[in-house]
Amino acid sequence: MKRRSRELRKLKDLLVKLCSMGAALTGIVFLFWILSEVAIRGGSALNWALVTETPPPPGGTGGGVAPAILGTVYMMALGALLGVPPGLLTGVYLSEFARGNRFGAIVRFMINMMMGVPSIIMGLFVYAVLVLTLGHFSGYAGGVALALLILPIVARTTEDMLALVPNTLRESALALGAARWRVTIGVVFRSAQSGLLTGVLLAVARVSGETAPLLFTSLNSPYWPQSLNQPTANLTTTIFNFAMSPYHSWQATAWGASLLITAAVLLVTILTRLMLQGSKR
Amino acid sequence: MSDTPIPISTTLRSPAAAETAPRSASEAAPASKISVRDLSFFYGEHQALYHNDVEIAPSTVTAIIGPSGCGKSTHIRAYNRIFELYGKDRATGAVLLDGENVLGPDVDVIELRRKVGMIFQKPTVFPQSVFENVAYGLRIHFRLSRAEMAERVEKALRAAALWDEVRDKLSQPGAALSGGQQQRLCMARALAVEPEVLLMDEPTSAIDPVATAKIEDTVQDLKASYTIVIVTHNMQQAARISDYTAFFYGGRVVEFGPTRQIFTKPNQRQTEDYITGRFG
Ligand SMILES: Nc1ncnc2c1ncn2[C@@H]1O[C@H](COP(=O)(O)OP(=O)(O)OP(=O)(O)O)[C@@H](O)[C@H]1O
Ligand SMILES: [Mg+2]
Chain A
788 MKRRSRELRK LKDLLVKLCS MGAALTGIVF LFWILSEVAI RGGSALNWAL
838 VTETPPPPGG TGGGVAPAIL GTVYMMALGA LLGVPPGLLT GVYLSEFARG
888 NRFGAIVRFM INMMMGVPSI IMGLFVYAVL VLTLGHFSGY AGGVALALLI
938 LPIVARTTED MLALVPNTLR ESALALGAAR WRVTIGVVFR SAQSGLLTGV
988 LLAVARVSGE TAPLLFTSLN SPYWPQSLNQ PTANLTTTIF NFAMSPYHSW
1038 QATAWGASLL ITAAVLLVTI LTRLMLQGSK R
Chain B
8 MSDTPIPIST TLRSPAAAET APRSASEAAP ASKISVRDLS FFYGEHQALY
58 HNDVEIAPST VTAIIGPSGC GKSTHIRAYN RIFELYGKDR ATGAVLLDGE
108 NVLGPDVDVI ELRRKVGMIF QKPTVFPQSV FENVAYGLRI HFRLSRAEMA
158 ERVEKALRAA ALWDEVRDKL SQPGAALSGG QQQRLCMARA LAVEPEVLLM
208 DEPTSAIDPV ATAKIEDTVQ DLKASYTIVI VTHNMQQAAR ISDYTAFFYG
258 GRVVEFGPTR QIFTKPNQRQ TEDYITGRFG
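Line by line, the protein sequences are chains A and B. Following the numbering used here, the numbering of the first sequence begins with 788 at its first residue and continues without gaps. Following the numbering used here, the numbering of the second sequence begins with 8 at its first residue and continues without gaps.
Hints were generated in silico from the structure; no laboratory data involved. From a predicted model like this one, the values you see are computed outputs, not experimental measurements. Among the clues, some could well be false.
Pair by pair, the computed Cβ-Cβ distance ranges are [said to hold, decoys possible]:
{"hint": "1", "chain 1": "A", "residue 1": "Phe890", "chain 2": "B", "residue 2": "Ser185", "range": "56 to 64 Å"}
{"hint": "2", "chain 1": "B", "residue 1": "Pro65", "chain 2": "A", "residue 2": "Thr1056", "range": "53 to 61 Å"}
{"hint": "3", "chain 1": "A", "residue 1": "Leu1053", "chain 2": "B", "residue 2": "Gly51", "range": "29 to 37 Å"}
{"hint": "4", "chain 1": "A", "residue 1": "Leu988", "chain 2": "B", "residue 2": "Pro216", "range": "44 to 52 Å"}
Beta carbons are placed, not taken as given, at the ideal position from N, Cα and C, and that holds for glycine.
Take these sequences, add in the hints, and give me the full structure.
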């Protein structure tokens, strides 16, 4: 038997190590590039008016995206309200009641499929079902589209988080005579508390940057949102519209709005990290 | 097994009552707290227990010993039907608690589990305060005023010999206690609902010798009012605290009798080999 050269093996080791490190670095470089671009361009558009005033007329200067901020918050709240509870319950079902059963496996598969559906398709679906039947674009339709994106993410993270709770904990509660629902809510949920909250926040943060599902549902509007039953201003579509416009002032406003949304998502992500670390100790 | 020979004679208690207690099933029927009759158990297709028969007298400590994987945990997990958490597992035969078959279809499982408490190998403290941990079972089974609740929690903590150590820490998280304290907290939690039977599955295998000694003392104190079944890998422990011992092997009850007899003159060769550490 011929022995393989030790030098060659070491060289291969080194090569693989360098390649993977290089790939990782490339990713990080791009992240910082994006962040700095957004920070610099958005930073120069940042002022008090950006977060307090309505958008300027085409070609005009000044103004802000205050209605869009409000509209995004409203629709995200509606999306979370509609999407999080069924997501949590689906996760509970999968983890607590459907381990190893056939229907559970089907549901799990569907949830994974649903997570993979492009968000623009979700938008189109809600357009066909809600916008066309109601006859107009609305914030409600936007909220529903966001909810459909939030639901599967929350279901998945919930199942994963509950699966981390050791079975002996469930058994101890059952052994005291607790009914299944009581064990789930009082012991399993409580144990997974911070993980569940993290999952929900991350799902919301992720979906808050979606544009496609809103394009066909809430559309956009330059006005303060009076009711969600009409086209509703929102940040992502505003960025889309303003960035594509020929006006420099609008383009600057788009960068400002981008900075706001990026900062918000980053903040939520960091907060949840801290929360998770805090609870692990 | 342990490599030092076990000084059985010095560790053995003398359960005078135990040796005169009636043994055969027919004689023992009225005296037994638990009668296991022809219990077999299946994990799906895999049979883990074969025709177990055991008679457990009230106010005694019964030790279950045997090599790893012989079915000790499986056996006691049938007593409170905790195995039902997992769909495909099933038990056949009967486990009579005061004459009533707990495996029967009409049994109120919640009430059964109030009467038959269980302590697990590793402490399983709930993510709540010390007080709420003990109150957990009480809230399930009883409607109590605040004062009554506080009283019963204290009583349970005293019974588990933990009160003096935690009286100032009742509102702290249970997880902040030491491992040994956590295990006694679990005992207090189980005792709070005033069960009649206490099942313990290697309750001291994850904690240090001092904490183990405390739990063994507690078991001795509890014996007067509870029927205790304890699974252990520790022969000295079995000899120290139990009145009866069942030796399991390959899912069968190889030998069952007074602890003194099992440890000094076992009838079965296998039992003797296991106890003296010749296999396992
Ligand atoms: N959930 C399960 N599914 C399938 N088989 C199992 C399961 N749990 C235990 N078994 C099998 O049943 C048999 C008895 O297991 P059991 O846990 O009762 O043994 P034990 O005597 O308690 O062992 P130990 O001393 O290691 O705790 C073993 O062969 C084991 O592999
Ligand atoms: Mg076991």
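These are the hints, each one checked on the structure:
| no. | hint | result |
| --- | --- | --- |
| 1 | Phe890(A) <-> Ser185(B): 56 to 64 Å | 44 Å, violated |
| 2 | Pro65(B) <-> Thr1056(A): 53 to 61 Å | 59 Å, holds |
| 3 | Leu1053(A) <-> Gly51(B): 29 to 37 Å | 49 Å, violated |
| 4 | Leu988(A) <-> Pro216(B): 44 to 52 Å | 45 Å, holds |
Violated hints, listed in ascending order, are 1, 3; each of the other numbered hints is respected by the structure.
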